[in-house]
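*Asks:* Which chain is which? The protein sequence lines are H and P, in order. Quick note: the first sequence uses numbering that gives the first Met the number 0, first residue 0, plus one each step. Quick note: the second sequence uses numbering that gives the first Met the number 0, first residue 0, plus one each step.
Simulated from the structure, these hints should not be mistaken for lab results. Accuracy of the hints is not assured; some may be wrong.
[To be verified] The calculated DSS-like cross-link candidates involving lysine-lysine, where the alpha carbons are at most 30 Å apart (straight line), are:
1) Lys389/H x Lys319/H
2) Lys165/H x Lys179/H
3) Lys84/P x Lys142/P
4) Lys45/H x Lys100/P
5) Lys165/H x Lys240/H
6) Lys286/H x Lys272/H
7) Lys100/P x Lys84/P
8) Lys208/H x Lys319/H
9) Lys142/P x Lys378/H
10) Lys265/H x Lys179/H
11) Lys319/H x Lys165/H
12) Lys286/H x Lys100/P
13) Lys197/H x Lys88/H
14) Lys146/P x Lys135/P
15) Lys308/H x Lys336/H
16) Lys319/H x Lys146/P
17) Lys378/H x Lys197/H
18) Lys308/H x Lys142/P
19) Lys142/P x Lys50/P
20) Lys240/H x Lys208/H
21) Lys50/P x Lys389/H
22) Lys13/P x Lys378/H
23) Lys378/H x Lys50/P
24) Lys13/P x Lys146/P
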Amino acid sequence: MGKVMIPIGPQHPALKEPASFNITLDGEKILDMIVKVGYNHRGIEKACEQRTYIQDIYLLERVCGICSHTHSTCFLQAVEEIAALELPKRAHYLRTIVAELERVHSHLLWLGVAGHEVGFDTLLMYSWRDREIVMDILSMLTGNRVNYAMNTVGGVRRDISPDQIKTILPLVDILEERTKYYIQVASEEVTLIERLSKVGTLSHDDALKLGAAGPTARASGRDIDVRRDDPYAAYADLSFKVITDNHNDVLGRTLVRVGELMESYKMIRQLLKNIPEGPIAVKAPRKIQAGEALSRYEAPRGEDVHYVKANGTDRPERVKVRAPTLANVQAVAAMLKNGYLADIPIVVAAIDPCFSCTDRMMVSMKDANSRKENFIDWKTLRQYSIDWYKQNRGVDMSKIKISKRW
Amino acid sequence: MAFLNKMVTWARVKSPWIIHFNSGACNACDIEIIAALTPRYDIERFGILLKATPRHADVLVCSGPVTRQIRSRLIRIYEQMAEPKFVVAVGTCACSGGVFKGCYNVMGGVDSVIPVSAFIPGCPACPEAIMDGVVKLITSLEKAEEKSA
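Looking at chain P on its own, in the form it has when it is part of the complex:
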């Protein structure tokens, strides 16, 4: 069992699968996330794959402030993900609400609704920043794994 766990963690660290969810963003962070997946940046070379369903994903990449309508859907998507799961907030809006802070229909950052593991600020966060954030998350996972071993 211990060996199996080690295998799963190894696979997770080497190839984290992500799901991208737009929680009310203006598209800017979303196009930058997709730009990170296309030839210039090609985040897939780190084993990072974009998945369509939360059930296949290890990392939930959120962009945008959480609007009231999205809140329950975001929680539902988060709950559908298998443990252990991580949330990355991309963009200033996802970190704190950004320019939309104080709007009557905006709840605030993603962390006001679900726990967040990594924050990537920027308006929008450029692909380099997104890659850096994801690599940092993976490194912290590796370290946590070494510690527990």
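If we strip away everything but chain H, and leave its shape as in the complex, we get:
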């Protein structure tokens, strides 16, 4: 059999940067892969120029529903730098609390999706059930489960009460307890380790060369984290570890994420304990003086960068967003090189693009000789990958013993 070209996507619309992957196969081995992005373009950056700064907060919050706080905070950091606003400490703390809760919800969501892609659906249901605890905390603090609308120019919009702090702390304990179980599953469960190790390897040098960010880079031994390297909000006051791993594969990415969950709980406790008294916002001018600023933010998926140029009116002249998935999507090509077709679902999911799209990702197999096209949808491909590992590697997720505690 000759080489086979497989285009995946662009029906991959829920991603922030919906992607199309062109894969060249030799049998089951992946020879080459080209990534194309730019399908789900809504024109947000242009729309920002036509709206006021206050309107832009809510627009940019909807760049991505999973890390909405990321984008609004990152944008506002740039705007506040131009306007030379000094935020009260309490505002910084509140922003950081929501940011870390968002990271917890995003990582738990990812853990479930990763479990689903390898056929371990129990993990999906477990982690999504636990994720509801974070969603409850977020809706209590901000008034909404997703798209929190917590930020405003010069601070935050809602305060936290001592009663709320008292309610949150035991919930964080429950989450920590459950995360310990997930760490145990990820580091001790032989079936899961068999399935995830040596899959989608990205060497340290490749991660550096391709500019991978966030947990993807940290799992390849790159010790980078904006929270520590260029502290923003209240991170300078916190003590935490940057979790890195040298597995360079999907197992490493899983371990980094569950490790980060533990660090996030630690940070949330520190923040709730040490939150200073005071106002939650300063009065901000409607018109922002001319100037430009670049702002960095460690999103759950990696480094998020916003650039804002102001021209003295109430609308920005230019807003540029670089979301972390754009940095990571190129690395997928390197991860899949010399891998197997059966590894595509988990490797693509491992950089943490949005999962909701993956069910609709279509794979079209085109035989170069007969020019006949076979369409496989994502579900079939996922099933194929589960069966392939069962037959060829003896990895059977249904054999995993589930803790009966919950």
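Dock chain P against the given chain H, drawing on the hints supplied.
*Replies:* This is chain P only, laid out in the frame that chain H set:
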């Protein structure tokens, strides 16, 4: 034949199969739709099953404003569904375009491209709202069935 039709309608009302399609949403509505399927809300207890292909589905659950690139794909997916088919627009963007209204690459709500049976507003629509919307759609189907009988 009449009996068979009755059977099919009964099955459809008792267990509607849905396909979820993201027509350019920000993921927020999508995670809430999936949250509705996971243990806390568990929409499957109403017989609602998430399907991967439009050919198996009765209800197309759309989230997000329709972008120019998605437009033709959305129509293609809608056309692949078997009759009778229903479309549920989840979230403010899917209802009207929401915050993205006026963006050069956004067509507007889902109803600007395909006919919509139920609108569920909210940014994002919370799982309770999604369940309520789907149950209302099923109830209206039941009523229409009673009327025709």
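*Asks:* Against the 30 Å threshold, does the CA-CA distance of lysine 208/H and lysine 319/H hold or violate the hint?
*Replies:* holds, 23 Å
*Asks:* Just to be careful, I want the Cα atoms of lysine 197/H and lysine 88/H compared with a cutoff of 30 Å; is the pair within it?
*Replies:* With a Cα-Cα distance of about 45 Å, the restraint between lysine 197/H and lysine 88/H is violated, given a limit of 30 Å.
*Asks:* CA of lysine 142/P to CA of lysine 378/H, is that 30 Å or under?
*Replies:* Outside the cut-off at roughly 35 Å; violated.
*Asks:* Does lysine 50/P sit within 30 Å of lysine 142/P, going by the straight-line distance between their CA atoms?
*Replies:* Roughly 25 Å between the alpha carbons, so the hint for lysine 142/P and lysine 50/P holds.
*Asks:* Mind checking the alpha carbons of lysine 389/H and lysine 319/H for me, to see if they're no more than 30 Å apart?
*Replies:* violated, 46 Å
*Asks:* Is the hinted pair lysine 50/P and lysine 389/H satisfied, with a Cα-Cα distance of at most 30 Å?
*Replies:* Holds. Lysine 50/P to lysine 389/H sits at ~24 Å (cutoff 30 Å).
*Asks:* For a C-alpha distance cap of 30 Å, please report whether lysine 378/H and lysine 50/P respect it.
*Replies:* holds, 9 Å
*Asks:* Holds or violated: are the alpha carbons of lysine 240/H and lysine 208/H at most 30 Å from each other?
*Replies:* This hinted pair holds, its Cα atoms lying about 25 Å apart.
*Asks:* Is it true that the CA of lysine 308/H sits at most 30 Å from the CA of lysine 336/H?
*Replies:* Distance ~40 Å between lysine 308/H and lysine 336/H Cα, so the pair is violated.
*Asks:* Can the restraint linking lysine 319/H and lysine 146/P be considered satisfied, given a maximum Cα separation of 30 Å?
*Replies:* This hinted pair is violated, its Cα atoms lying about 55 Å apart.
*Asks:* Regarding the pair lysine 165/H and lysine 179/H, is the alpha-carbon distance no greater than 30 Å?
*Replies:* Since the Cα atoms of lysine 165/H and lysine 179/H sit roughly 22 Å apart, the hinted pair holds (cutoff 30 Å).
*Asks:* Under the criterion that the straight-line Cα-Cα distance not exceed 30 Å, is the pair lysine 265/H, lysine 179/H satisfied?
*Replies:* holds, 13 Å
In the structure shown, a violation is registered for the earlier hints numbered 1, 6, 9, 11, 13, 15, 16, 18, in ascending order.
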